[in-house]
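Asks: Listed in order, the protein sequences are those of chains A and B. One point on numbering: in the working numbering, the residue at position 35 of the first sequence is 35, and numbering is uninterrupted. One point on numbering: in the working numbering, the residue at position 59 of the second sequence is 59, and numbering is uninterrupted.
FYI, nobody ran anything at the bench for these hints, they're computed from the structure. Ideal Cβ positions, reconstructed from N, Cα and C, are used throughout, including at glycine. Hints are supplied without guarantee of correctness; some may be wrong.
As the list claims (entries may be wrong) - Short derived list, chain B residues pointing at chain A, Cβ under 7 angstroms:
(1) D138
(2) W142
(3) F184
(4) N239
(5) R240
To be verified - Each computed SDA-like pair below joins lysine to any residue, with the alpha-carbon atoms no more than 20 angstroms apart:
(6) A:K86 - B:G193
(7) A:K34 - B:G193
(8) A:K201 - A:N228
(9) A:K83 - A:G172
(10) A:K72 - B:V7
(11) B:K85 - A:I71
(12) A:K191 - A:L214
(13) A:K34 - B:R89
The lines below spell out each chain.
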Amino acid sequence: MNLKLASDLGTPPTEDLSGVPLAVRGMTVSYGQKPAVFSVDMTIQNGSMSAIIGPNGAGKSTLLKAALGVIKPLAGRVSVYGKPLKSQHHRIAYVPQRASVDWDFPTRVIDVVLMGLYRELGLLRRVRTSHMETAMACLDRVGMTDFAERQIGQLSGGQQQRVFLARALAQGADLYLLDEPFAGVDAATEKAIIAVLKSLKDDGKTVVAVHHDLATVSDYFDQVFLINTRKVAEGPVATTFTAENLNAAYGGRLATAQIDRLAVSAL
Amino acid sequence: MMGEEFVSLSLTPLLIGVFAAIACALPGNFLLLRRQALIGDAISHVVLPGIVVAFLVTGYVSAWPMMLGAAAASLLAVGLIELIKRLGRIEPGAAMGVTFTAMFAGGVLLLEQTDTSAVHLDVEHALYGNLESLIWLDATGWRSVLDPQALAGVPDELPRIFLTLLAVIAFMRLFWRPLKIATFDTGFAQSVGARPTAMGLALVVVAAVAAVAAFDAVGSIIVIAMFICPPAAARLMTNRLERQITWSVVFATVSAVLGYVLAGYGPLWLGADHAVSAAGMIATVSGIILAMAALCAPQRMRSGAPAN
Numbered sequence: 001m002n003l004k005l006a007s008d009l010g011t012p013p014t015e016d017l018s019g020v021p022l023a024v025r026g027m028t029v030s031y032g033q034k035p036a037v038f039s040v041d042m043t044i045q046n047g048s049m050s051a052i053i054g055p056n057g058a059g060k061s062t063l064l065k066a067a068l069g070v071i072k073p074l075a076g077r078v079s080v081y082g083k084p085l086k087s088q089h090h091r092i093a094y095v096p097q098r099a100s101v102d103w104d105f106p107t108r109v110i111d112v113v114l115m116g117l118y119r120e121l122g123l124l125r126r127v128r129t130s131h132m133e134t135a136m137a138c139l140d141r142v143g144m145t146d147f148a149e150r151q152i153g154q155l156s157g158g159q160q161q162r163v164f165l166a167r168a169l170a171q172g173a174d175l176y177l178l179d180e181p182f183a184g185v186d187a188a189t190e191k192a193i194i195a196v197l198k199s200l201k202d203d204g205k206t207v208v209a210v211h212h213d214l215a216t217v218s219d220y221f222d223q224v225f226l227i228n229t230r231k232v233a234e235g236p237v238a239t240t241f242t243a244e245n246l247n248a249a250y251g252g253r254l255a256t257a258q259i260d261r262l263a264v265s266a267l
Numbered sequence: 001m002m003g004e005e006f007v008s009l010s011l012t013p014l015l016i017g018v019f020a021a022i023a024c025a026l027p028g029n030f031l032l033l034r035r036q037a038l039i040g041d042a043i044s045h046v047v048l049p050g051i052v053v054a055f056l057v058t059g060y061v062s063a064w065p066m067m068l069g070a071a072a073a074s075l076l077a078v079g080l081i082e083l084i085k086r087l088g089r090i091e092p093g094a095a096m097g098v099t100f101t102a103m104f105a106g107g108v109l110l111l112e113q114t115d116t117s118a119v120h121l122d123v124e125h126a127l128y129g130n131l132e133s134l135i136w137l138d139a140t141g142w143r144s145v146l147d148p149q150a151l152a153g154v155p156d157e158l159p160r161i162f163l164t165l166l167a168v169i170a171f172m173r174l175f176w177r178p179l180k181i182a183t184f185d186t187g188f189a190q191s192v193g194a195r196p197t198a199m200g201l202a203l204v205v206v207a208a209v210a211a212v213a214a215f216d217a218v219g220s221i222i223v224i225a226m227f228i229c230p231p232a233a234a235r236l237m238t239n240r241l242e243r244q245i246t247w248s249v250v251f252a253t254v255s256a257v258l259g260y261v262l263a264g265y266g267p268l269w270l271g272a273d274h275a276v277s278a279a280g281m282i283a284t285v286s287g288i289i290l291a292m293a294a295l296c297a298p299q300r301m302r303s304g305a306p307a308n
């Protein structure tokens with residue numbers, strides 16, 4: 001596969017993306033010889049709740065990380081509200097996979113939430129009462145105020161995920177990108193998280209989540225993006241989350257019966 | 001022990017020991033949490049070839065070219081470690097181990113091949129340093145501390161390590177937030193523009209500067225011990241990074257002072273004739289502190305892995 005071709009697509013976009021929270025064009029990422037994400041275009045609609053779905057190893061998280069600049073793509077452009085990513089850090093809140101950090105790190109829940117205020121606090125500004133109030137309010141939204149002083153290593157998986165979400169809320173962003181927010185959390189946490197995400201959407205924010213539970217896609221999200229290294233399909237759940245597209249993305253990995261049950265076309 | 005003799009013979013080595021210990025322990029806290037503790041070990045070993053090459057180039061023993069040579073060698077080592085990690089596809093610890101042993105060995109060979117015997121440059125010196133020799137001959141008692149003329153005679157190592165310590169503190173204070181965020185959560189740090197890659201590199205450079213300055217004064221044994229032992233013991237004392245830093249400074253100071261005193265007087269108390277190496281004793285004390293922390297510190301039983 002000639003990856004060099006992809007990097008030759010460096011012409012500036014002619015389309016108007018100013019109202020688009022996140023647009024990815026020609027994204028190619030590779031960890032070794034084989035690309036994990038190949039020449040993917042993705043356009044996230046303003047005010048949507050979008051799920052990125054696809055089989056294991058399909059490049060879901062990789063696409064998200066490359067869109068955020070967390071990993072360096074081989075090729076591709078990212079525009080955030082029509083501007084380069086570099087100037088838009090303040091409008092994005094990213095929730096990494098819970099398992100990607102060391103929870104034995106010596107810090108408290110409240111300190112993690114305060115990290116969400118980094119852009120406001122900068123290098124040296126002091127943490128004031130107003131900052132603490134913001135952080136506590138965010139903890140309250142995820143039902144974790146009682147744990148503010150707790151060392152993060154003492155939290156359950158669901159509680160850790162809530163703390164990560166509280167940190168994202170503290171950022172006061174317009175675009176929320178979450179990497180598998182429901183992975184390994186209890187049912188109560190899943191409910192709490194989806195309630196918070198829906199309230200964000202009601203406030204006109206945009207939410208994008210890498211998601212792996214196909215059974216909840218149509219309950220939680222209104223837009224869906226299917227990927228298997230290459231883009232399979234994107235659009236409203238009602239018209240895109242179909243048996244045909246699922247088959248194309250998952251290949252033989254999902255039984256036909258399963259797909260029929262999940263896909264909206266079969267409803 | 002607290003009189004005239006103390007000021008001229010023990011005050012400067014003590015201060016140099018304490019400053020060197022703290023300068024290494026401070027960045028050591030972050031290196032430890034980033035699972036890069038071995039990098040201090042690597043840097044302190046590769047300093048040797050750097051110093052030898054600097055000597056060969058300049059032809060004389062002088063602190064600044066040697067420190068430059070050592071700093072250059074540290075950066076080369078950091079680059080090599082990255083390269084070996086990527087090209088060899090091996091884990092970071094192994095890459096560090098390969099790099100620093102190879103470079104240290106190269107330094108030893110260079111030393112043997114070249115005529116450095118006339119000057120005070122040998123492997124032993126590189127390992128143990130020469131803390132006891134850093135005396136302040138111009139001092140005549142505590143009043144000398146305020147006497148500019150006497151102060152001009154303090155060993156060069158003292159102002160050098162003191163300035164290095166100030167630089168380390170300034171770096172840690174200024175970049176505290178991005179350092180902490182980048183150490184805890186690299187992906188998030190990148191997404192808020194806290195520049196984790198630059199922070200990681202800056203931390204290694206600061207550690208290298210501290211190691212080189214400390215090496216110059218006290219040898220690599222102390223450097224290696226201080227990068228790891230005080231921060232590791234401090235981690236067992238508390239679950240908050242801010243307090244961990246404070247504890248590591250306390251442990252570094254205690255190791256330096258207690259180690260120096262025990263080396264100088266311990267053997268005499270036990271009836272032996274000669275004092276032992278201060279550097280060796282300081283490193284030993286820091287190891288004992290870590291052992292004690294591992295046995296009785298409050299956070300030693302914490303659950304390391306995420307509780308599910």
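Asks: Starting from the hint list further up, note which numbers the structure goes against and sort them upward.
Replies: Result: hints 1, 2, 7, 8 and 10 break, sorted rising.
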